[in-house]
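Taken in sequence, the protein lines are chains B and E. According to the working numbering, the first sequence is numbered sequentially starting from 696. According to the working numbering, the second sequence is numbered sequentially starting from 696.
Treat each hint with caution, since some may be false.
Any copy will do: because identical chains look the same in the list, a pair fits if it lies in one copy or spans two.
Computed cross-link-like contacts, DSS-like style, restricted to lysine-lysine with a CA-CA straight-line distance of at most 27 angstroms [said to hold, decoys possible]:
#1 K934 with K802
#2 K802 with K837
#3 K926 with K837
#4 K816 with K926
#5 K1197 with K1144
#6 K868 with K878
#7 K1201 with K733
#8 K874 with K802
#9 K934 with K762
#10 K1201 with K734
#11 K787 with K816
#12 K762 with K998
#13 K802 with K1197
#14 K733 with K1202
#15 K1197 with K721
#16 K840 with K1003
#17 K734 with K1142
#18 K734 with K998
#19 K868 with K927
#20 K1144 with K734
Just so you know, these hints were derived from the structure itself, not from any lab. Because the structure is a prediction, the values reported are computed rather than measured.
There are 2 protein chains.
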Amino acid sequence: MINWNNFDTLSSVSTLEKAEKVDLVKVMSGESGAERVKKYSVPMAGNLTYNYAAKEVDDTILEGLKKLAEEAQLTEKYEALYNGEVINTGEKRMVLHQLTRGQLGEKVEADGVDKREFYKKEQQRIADFANKVHSGEIANAKGEKFTTVVQIGIGGSDLGPRAMYLALENWAKKNGTFKMEAKFISNVDPDDASAVLNSVDVAHSIFILVSKSGTTLETLTNQSFVMDALKKAGLDPAKHMIAVTSETSPLAHSDDFIEAFYMDDYIGGRYSSTSGVGGAVLSLAFGPEVFAQFLDGAAAEDKLATNKDLLKNPAMLDALIGVYERNVLGYPSTAILPYSQALSRFPAHLQQLDMESNGKSVNRFGEPINYVTGPVIFGEPGTNGQHSFYQLLHQGTDIVPLQFIGFKNSQLHNDVTIENSTSQQKLCANVAAQIVAFACGKADDNKNKNFEGGRPSSIIIGEELTPAALGALLAHFENKVMFQGFVWNINSFDQEGVQLGKVLAKKVLAHETEGALAVYSQLLNI
Amino acid sequence: MINWNNFDTLSSVSTLEKAEKVDLVKVMSGESGAERVKKYSVPMAGNLTYNYAAKEVDDTILEGLKKLAEEAQLTEKYEALYNGEVINTGEKRMVLHQLTRGQLGEKVEADGVDKREFYKKEQQRIADFANKVHSGEIANAKGEKFTTVVQIGIGGSDLGPRAMYLALENWAKKNGTFKMEAKFISNVDPDDASAVLNSVDVAHSIFILVSKSGTTLETLTNQSFVMDALKKAGLDPAKHMIAVTSETSPLAHSDDFIEAFYMDDYIGGRYSSTSGVGGAVLSLAFGPEVFAQFLDGAAAEDKLATNKDLLKNPAMLDALIGVYERNVLGYPSTAILPYSQALSRFPAHLQQLDMESNGKSVNRFGEPINYVTGPVIFGEPGTNGQHSFYQLLHQGTDIVPLQFIGFKNSQLHNDVTIENSTSQQKLCANVAAQIVAFACGKADDNKNKNFEGGRPSSIIIGEELTPAALGALLAHFENKVMFQGFVWNINSFDQEGVQLGKVLAKKVLAHETEGALAVYSQLLNI
């Protein structure tokens, strides 16, 4: 029997509030610090490790978090989710993105089909299609091979797939699996589509139109933009476009596309990187085998998240430490800091994943709640950020919890040694140094040079950013966000907050405005 | 006589704290809203307008902010700054970045030279150099023209110039001034340099090494990386590299470069886009005339910032509204939301500019302070963000003040009409709609679909993103940050918070670690 209770009714929360706070400067100094780094560590899938030594927790707090996990029935709720319960209460839908990469529990049926089989079938259809494009069996009207793939989508149809493409581009080039360059058109700003179209050879490009509903304003507008460009180049758009959509959308079963691949309403946009939304572009760019490895990494991480032992469940642990920081310690934002240029857009993806899922003020039953939920998420790759906003992180008046990510090896394995260390070693030395600088600080009589420390961080350490590691990383954060939503008793799978702006924008375009909106419309020349 | 007093000692602050708060839903609805949008508007340079109708201010609050501006002597402090007073108290330096684009006050001398003349001379030297590269007078060893320019720099030597390049790339292509493609290498991650080098034709590339001190670890490492690549391609690095540095740096007057251009210690990295740091790459990419227009826009905005009338000084007004939101209303972060794909990296630049300048816990005399200073800054372009993190902005439990930017016209002037509106009109309709949706909200009995409103924003509206508009935009935010620093009585021009990490990273590389740092170093294989 699962109980869906508000966060502020849980008795383990008040225990946590009363527990003594951890003095990070003290516990992370000297031998105690060394012990913590060894002990506060959990293996993840994809050769990754989650290390939380520099978080403001100790065995007492962890015991409290364990109680919270039990009281909030986190693994039971996850089990209910992957067994097909209607977890998305707002839209009255099941939540099945984990099923795109594995079968964790019972068979889940909907619309009269086994959903796992449905997702597998679509993955296979995409794989077959990609192989035919790579072999030239599917080619342009002149029989020439396609060399470039352009994804047209926005939000979840853009950020996740784009971040994953950038994450694996160099790896694929190094490992001989790079098949096609990928580009992305997202913004309704006409300069976005124009610039991308100016940068590709449209005659050898295949376009993927991605919209689950088939009604996304930006995406349909950009479809027309691209169709115009193809026609102007004397090409038949229907020979250059595929669709990824739901079977009930206006884009399904249309002659406008070479082929269409399907997802469904049980996969939210921000959770769709492992469905056809990510699958088509990644399979075309890197080959279906690389996409399959990515899914395997995600599936292995999903499995770890079923572990009832908090200390062996990295996503649940990360989630609960985040809740402790947000609701007990009162920190309003979190920074994502990957020490890997390949993850340059991963923070933007997590920003959507987290803020769109958990930026809510009502519980899963639509009742207002009295506690804070999802934090602001931002971030940039290190070491770049060190020369930018880290000043505030080290010496600002607010504390910002940090999530570092680092890899022992680079992807291209091309490096130089200067002053006895490689660039990769310098990169890793910097992330190690930052963790300790943030945690321990350094006293100085010159207060302008004084570092108070006490600034918490965790790090995910990997061997190398491979497809499997990336899949594990992605699933880790998806599951973290899911567990936090469970703790806060909110629905992490709808997004009603995006609706009002859409409604008002339509009014502006129909010139049905009054008051402030009418004057803004004049000022903007609409 | 200028008084440098802490923010919490100012009597106008307590007046502001006591003033009645503005009910944004109420004042922005109906005819009152229309009146506000017309009235709460200030012209900027570059054909821009700053509109603050949707901020939580009214005539009473504005009167309070005017008193605060006077009590904190904001224009007097600005005047002292541009007349050469030692405003950077931490490093005991003058602050002269405004002088790179105009002469606002008295002649400023340092190191025995007229600094305005020095910056003008360097700008002219860069212009002459760029013209010679474009004409082919300066060419590679085979006498072939350079086609690509690659900037090697990090932090302020990267984010600002990169954001400016992306902002003007399409404009220059449309207006026939696009001369050379630009790329950027910043991260010490070896995959960054490798990927950029793999994407360019090194034989026809000119590299700009940018480091004021000439000692930046990442930049020198990447210099070696590039030199290696040039040598492997059988090229002489000294024939492919220029430097932008200070005259006292190890990079000055070196045979390693075709030419060196100079800046000095009076220009902080994050304020250096209008110096040679931005000037070399932008003049090479777009021609010196475009760079000059960019400077003219910035200079005009600097002049506006001298206005003692708060309601005619957009940077000062923006700054004070931000302080009111941060210190009186208690909002911990601010989002930058440009409705322009060309400004895709402008938020990352402002993130550095603001957080590195004002993320401080001591006043300008090095004494601890008891009030919050710079907020967390983040953002992504609209409409993309609408399909991502806007959920939290609309319905999250925290309020995040918003800074919109929008333009009436696109840069490439290439558009499609769908359902009676162009893409540009759809883009503008969305930003107008968002402002009103955030301010006014919309009541709904279904609390999951309810929008409380009361979420403040301002918008900068422009005709088109031209070089002059971009210069004005850049200077606006630089001056806003400067004024906020004055109000908080902090030094916005040093960055001691970045030092400790550097020191510890060196220890890691020298294997001089113990405790937690030693264990992290092992885990990361250093």
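So, going through the hints one by one against the coordinates:
no., hint, in the structure
1, K934 with K802, "neither (37 angstroms within a copy, 66 angstroms between copies)"
2, K802 with K837, "neither (45 angstroms within a copy, 68 angstroms between copies)"
3, K926 with K837, "within (15 angstroms within a copy, 42 angstroms between copies)"
4, K816 with K926, "neither (33 angstroms within a copy, 51 angstroms between copies)"
5, K1197 with K1144, "between (48 angstroms within a copy, 13 angstroms between copies)"
6, K868 with K878, "both (16 angstroms within a copy, 20 angstroms between copies)"
7, K1201 with K733, "between (56 angstroms within a copy, 22 angstroms between copies)"
8, K874 with K802, "neither (35 angstroms within a copy, 60 angstroms between copies)"
9, K934 with K762, "neither (58 angstroms within a copy, 66 angstroms between copies)"
10, K1201 with K734, "between (55 angstroms within a copy, 26 angstroms between copies)"
11, K787 with K816, "within (25 angstroms within a copy, 67 angstroms between copies)"
12, K762 with K998, "within (21 angstroms within a copy, 61 angstroms between copies)"
13, K802 with K1197, "neither (37 angstroms within a copy, 53 angstroms between copies)"
14, K733 with K1202, "between (58 angstroms within a copy, 20 angstroms between copies)"
15, K1197 with K721, "between (51 angstroms within a copy, 22 angstroms between copies)"
16, K840 with K1003, "neither (50 angstroms within a copy, 65 angstroms between copies)"
17, K734 with K1142, "neither (34 angstroms within a copy, 44 angstroms between copies)"
18, K734 with K998, "within (23 angstroms within a copy, 58 angstroms between copies)"
19, K868 with K927, "between (33 angstroms within a copy, 20 angstroms between copies)"
20, K1144 with K734, "neither (32 angstroms within a copy, 45 angstroms between copies)"
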